Amino acid sequence: MALLSESEQQQVRDAITRIERDTDAELVTVLAPQADDYTYIPLLWAGILALLIPGAINYFPQWLGAAELLIVQWACFAVLAVVFRLPAVTTRLIPRRVRFWRAANLARRQFLEQNLHHTQDGTGMLIFVSEAERYVEILVDRGISSRLGDDTWQGIVSSFTEQVKRGQTLQGFLACIEACGEHLTRHVPATHERNELPNRLIVLE
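According to my numbering, the sequence shown is numbered sequentially starting from 1.
These aren't lab readings, by the way, just hints derived from the structure by calculation.
Heads up, a few of these hints could be off.
To be verified - No more than 20 Å apart at the CA atoms, straight line, and that leaves these computed lysine to any residue pairs for SDA-like:
no. : residue 1 : residue 2
1   : K165      : E68
2   : K165      : E182
3   : K165      : V89
4   : K165      : A67
5   : K165      : I138
6   : K165      : S5
7   : K165      : F77
8   : K165      : L4
9   : K165      : A175
10  : K165      : A190
11  : K165      : R92
12  : K165      : T119
13  : K165      : G149
14  : K165      : G122
15  : K165      : V82
16  : K165      : E131
17  : K165      : R134
18  : K165      : A81
19  : K165      : F100
20  : K165      : C76
21  : K165      : Q34
22  : K165      : R18
23  : K165      : D22
24  : K165      : W101
25  : K165      : L80
26  : K165      : P95
27  : K165      : R102
28  : K165      : A75
29  : K165      : L51
30  : K165      : R109
31  : K165      : V79
As the list claims (entries may be wrong) - Between beta-carbon pairs, the in silico distance windows are:
no. : residue 1 : residue 2 : range
32  : Q154      : Q10       : 41 to 51 Å
33  : E205      : E178      : 37 to 47 Å
34  : N195      : W74       : 53 to 63 Å
The structure presented is a predicted model; accordingly, all values stated were derived computationally and were not measured.
Glycine included, each C-beta is placed from N, C-alpha and C at the ideal position.
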């Protein structure tokens, strides 16, 4: 299921179209459910906890036999492995630095895959969101970075990140696009009509 409905994605598309009328910047928006599947993490945690089960059980007055302990251990491993596979749970088992590192890598891959580095005047801009990691990043090409410093986007990213945490991803995108548009209109104004890259919201599977 898409992270945003078709009508919500259309709102993002319309917002980009409005902004690009007044700037040479080429905005691309990407939304990912999560940056990585972290396959090994649930199994690692389930295995560690399952290994600790026999020792924990032995603190209770009634001891179990070896066969019963083994069954309990395997049952715990199976249940925890399934529970820890839930995205909302998995991301909480991973250090914040690791989650952000994976999300940042995906953002940079998307910058290249969406050809944002191949625009005519180097005016590509990526607005990237990974929901599970609650990660937002804005990446720009040389035509924009030469006129606007990275600190320009810090406040916008912080506000968008808070909205993602509250489950307001659509509102975050619309506010972010509008805020970016204000800077781009002043510092990267439109010099001619063009539309090199698609305005649609790209939702990763």
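Hint numbers the structure violates, sorted upward?
When the structure is compared with the hints, numbers 1, 2, 4, 7, 10, 12, 13, 14, 15, 18, 20, 22, 23, 25, 28, 29, 30, 31, 32 and 33 turn out to be violated.
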